[in-house]
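Start from chain A and add chain B according to the hints.
In the order they appear, the protein sequences are chains A and B.
In this note's numbering, each residue's number is its place in the first sequence (first place is 1) plus 2.
In this note's numbering, each residue's number is its place in the second sequence (first place is 1) plus 2.
Source of the hints: derived by calculation from the structure; they are not laboratory data.
Take these hints with a grain of salt, some might be off.
Copies of the same chain are indistinguishable here, so a pair counts whether it falls within one copy or spans any two.
In silico SDA-like links for lysine to any residue, alpha-carbon gap of 20 Å or less [claimed, not checked]:
1) LYS4 <-> ALA142
2) LYS417 <-> SER296
3) LYS266 <-> ARG233
4) LYS370 <-> ARG105
Listed here are the chains, written in short residue letters.
There are 2 protein chains.
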Amino acid sequence: MKEIPGGVVAAKGFQAAGIRVGVKSSPVPDGNQPIAPVPFGGAGKKDLALICSDRVCSAAGMFTTNQVKAAPVYVTKDHIADGTVWGIIANSGNANACAPNSRIHAEEMCDAIAEELGLSPADFAVCSTGVIGQELNVGAILSGIPGLAASLSDDPQASDNAARAIMTTDTVKKEIAVELELGGKTVRLGGIAKGSGMIHPNMGTMLSFVTCDAAITPHMLSEIVHEVVPRTFNRVTVDGDTSTNDTFLVLANGAAGNPLIEWKNEDYAALKDALMYICTDLARKMAADGEGASRLITCTVHGSENESKAERLSRSVVGSSLLKAAMFGADANWGRVLCAMGYSGANFDPEQVDVTFRSVAGEVPVCKLGSALDFDEDFAKKVLSQDEVVIDVKLYEGDAEATCWGCDLTYEYVKINGDYRS
Amino acid sequence: MKEIPGGVVAAKGFQAAGIRVGVKSSPVPDGNQPIAPVPFGGAGKKDLALICSDRVCSAAGMFTTNQVKAAPVYVTKDHIADGTVWGIIANSGNANACAPNSRIHAEEMCDAIAEELGLSPADFAVCSTGVIGQELNVGAILSGIPGLAASLSDDPQASDNAARAIMTTDTVKKEIAVELELGGKTVRLGGIAKGSGMIHPNMGTMLSFVTCDAAITPHMLSEIVHEVVPRTFNRVTVDGDTSTNDTFLVLANGAAGNPLIEWKNEDYAALKDALMYICTDLARKMAADGEGASRLITCTVHGSENESKAERLSRSVVGSSLLKAAMFGADANWGRVLCAMGYSGANFDPEQVDVTFRSVAGEVPVCKLGSALDFDEDFAKKVLSQDEVVIDVKLYEGDAEATCWGCDLTYEYVKINGDYRS
Chain A
3 MKEIPGGVVA AKGFQAAGIR VGVKSSPVPD GNQPIAPVPF GGAGKKDLAL
53 ICSDRVCSAA GMFTTNQVKA APVYVTKDHI ADGTVWGIIA NSGNANACAP
103 NSRIHAEEMC DAIAEELGLS PADFAVCSTG VIGQELNVGA ILSGIPGLAA
153 SLSDDPQASD NAARAIMTTD TVKKEIAVEL ELGGKTVRLG GIAKGSGMIH
203 PNMGTMLSFV TCDAAITPHM LSEIVHEVVP RTFNRVTVDG DTSTNDTFLV
253 LANGAAGNPL IEWKNEDYAA LKDALMYICT DLARKMAADG EGASRLITCT
303 VHGSENESKA ERLSRSVVGS SLLKAAMFGA DANWGRVLCA MGYSGANFDP
353 EQVDVTFRSV AGEVPVCKLG SALDFDEDFA KKVLSQDEVV IDVKLYEGDA
403 EATCWGCDLT YEYVKINGDY RS
Chain B
3 MKEIPGGVVA AKGFQAAGIR VGVKSSPVPD GNQPIAPVPF GGAGKKDLAL
53 ICSDRVCSAA GMFTTNQVKA APVYVTKDHI ADGTVWGIIA NSGNANACAP
103 NSRIHAEEMC DAIAEELGLS PADFAVCSTG VIGQELNVGA ILSGIPGLAA
153 SLSDDPQASD NAARAIMTTD TVKKEIAVEL ELGGKTVRLG GIAKGSGMIH
203 PNMGTMLSFV TCDAAITPHM LSEIVHEVVP RTFNRVTVDG DTSTNDTFLV
253 LANGAAGNPL IEWKNEDYAA LKDALMYICT DLARKMAADG EGASRLITCT
303 VHGSENESKA ERLSRSVVGS SLLKAAMFGA DANWGRVLCA MGYSGANFDP
353 EQVDVTFRSV AGEVPVCKLG SALDFDEDFA KKVLSQDEVV IDVKLYEGDA
403 EATCWGCDLT YEYVKINGDY RS
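So here's chain A without its partners, still in its complex pose (with noise of 0.2 Å):
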């Protein structure tokens, strides 16, 4: 397996274009109102993307959790229950969400967008993000499905527009894509994420979609996305806010003609492996990129009896506000480790845990068994001062381990969420 360019236009079949039709607000020239319109993209960002499959695609999906469900969630479930779609269309600056004629609106871009390329709406997944509690202006949506569907292309250049048109605070955009081989033939698989981004008045939503040449049942793809997700973007936290969009879609259309894959052989566990390659890499992008972070913090939890209890241990660490403030401020706090692993609710021993923060710059044991080790803090705080902090948490129960992912808390978190208006 290898990463080559392309994203979701690198597999065979896949067309992607993503424009702007004004879903998103245009900055106010106030000078009083500086930071306000940021979030929002400004005049010219693209906010309404499609990606397309030359036939029909094997889909599968998971959604948000959140009891509090936008429109598009409904209506995405609906269509891939079949376990096929063609394509997905997605808009971001609207989270179509608690908001007047939310469903008709999600169903409306389906309708224009099966209309435009005579196809049936069924075979459209829809996504949204953006602000939740204000009716979408479908009406600009519409009028831009026919330059939309016109700008469909396999270029890496409609892959990247994509790419951009969902992104709502995101900073950089976040594409990826590999190939393998799979019975003889070359098996691609490309994908887009946006991450945990905030627009006026609300909302962050992760939305995934990776496209794949690779011929695969939809039930042989459930399979996998349901072993992937758990481990990649559900491990990522940034704020512990859910949202109530947060979509991940993956589509493959058979066109590279490897045998079809029907059951959990040798090529299912290929596929998985590059699926889970595809998705680790967007969700760490993702938490990278979280809003107003400044470094990646990565925790792995070792030596664990479970996956499971390593899972809740290390999502515990990552999404504590104190240990993400002491990361900002490339303090080695290892008390808050320990403090945030006792009341993740996963049993353990407090007095057989080793801690250690390494980086770029170097390692930096500060704990074992439970207790405090000497450390230089000029070097802790060197190596803490780097774009990605991993902190290595040991038991001493078993061998299963489980890693996530987070940033750290900042001014800049703080101002994108309360201060944009003052």
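Then chain B, alone, in the frame of chain A:
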């Protein structure tokens, strides 16, 4: 029942003291570290407190649920296992957790105060709050014990001193007392508390001690505590980090001469109401003085089918980083209220929810039956800019309700917890 002055010495037979022994560091006269010393309290700040009765007390408590517990928590649990103590000794500046000899040092504190006062070590509860992972300077404490005992007094200033001696980054002392009639006798209760305050390099801890001169059995006192604490202190969240040292203790010495409360009669109910009043007051003060907080956020969920669901929903709202940041910005982001309810784990119908923001400046209904209401943004900003903001959530399921308290998320929180060394 009425409020009276005197804090923990308002109840008959109780004395208190608070002095400085040097556990809290003094400020370093280094122009490059202007912030560091402040959270410690600086030179001259009190760091050792004592509360003591003139007779044995019924005692009951509740403690941190963190699996990583500080040594004094274990020692105190042992000492109140028989339902009685005479007093409480507590230091700030060091949590005596995850550090060498922590259990020994906690026991030494009890030994020393017991010897000084001619009592037994098991007659004392012991508490610590401050740095995790550094050995307690127990020598400073032990040499301060004679002076601590000598300054015991029932003057209201003594309660003030004790309240200040347990403060860390708290910006105001937290103290209250009330008086009521029980069986024809005047009964008094008084309490002090410290909130979630950060000390280098770690730790926010909640400590609260209540004295009471009612006659009540240890078992009945414990029953009251277990009814009151889950509805008061356990409904406060500042940053979701449960400390290793959290302790609530109530001591009742019977000096009021009321008929002994030994079952759940009218007097039991009246005393429970009084303790609820005390703990609600201290819990609200703790939330309002959360690290970096600029305002108290109160969320009441009404119309729930049961109290535990109402509590879970309310806690999720006041614990949401996004909502907390919005409250800092005085931004009426009601979508974040629904979003936080949605991931709380409690079942409810998102289309059967009303949300209103209110404060002394007025009230702003923002959501009716799950959908947006029009409101005046300027007026909403005014309502949300007050010292206390109440979020009223109405369901249409039943008549149970619950209130939780939190605070906004500010630059100052990030600064206190991350930036003090830079």
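Status of each hint after checking the structure:
1. LYS4 <-> ALA142: Classified as neither; 40 Å inside a copy, 62 Å across copies.
2. LYS417 <-> SER296: both (14 Å within a copy, 15 Å between copies)
3. LYS266 <-> ARG233: Answer is within; shortest intra-copy Cα gap is 19 Å, inter-copy 51 Å.
4. LYS370 <-> ARG105: Classified as between: cross-chain Cα gap 18 Å, same-chain 55 Å, threshold 20 Å.
Hint 1 alone, counting from the list given before, is not met by this structure.
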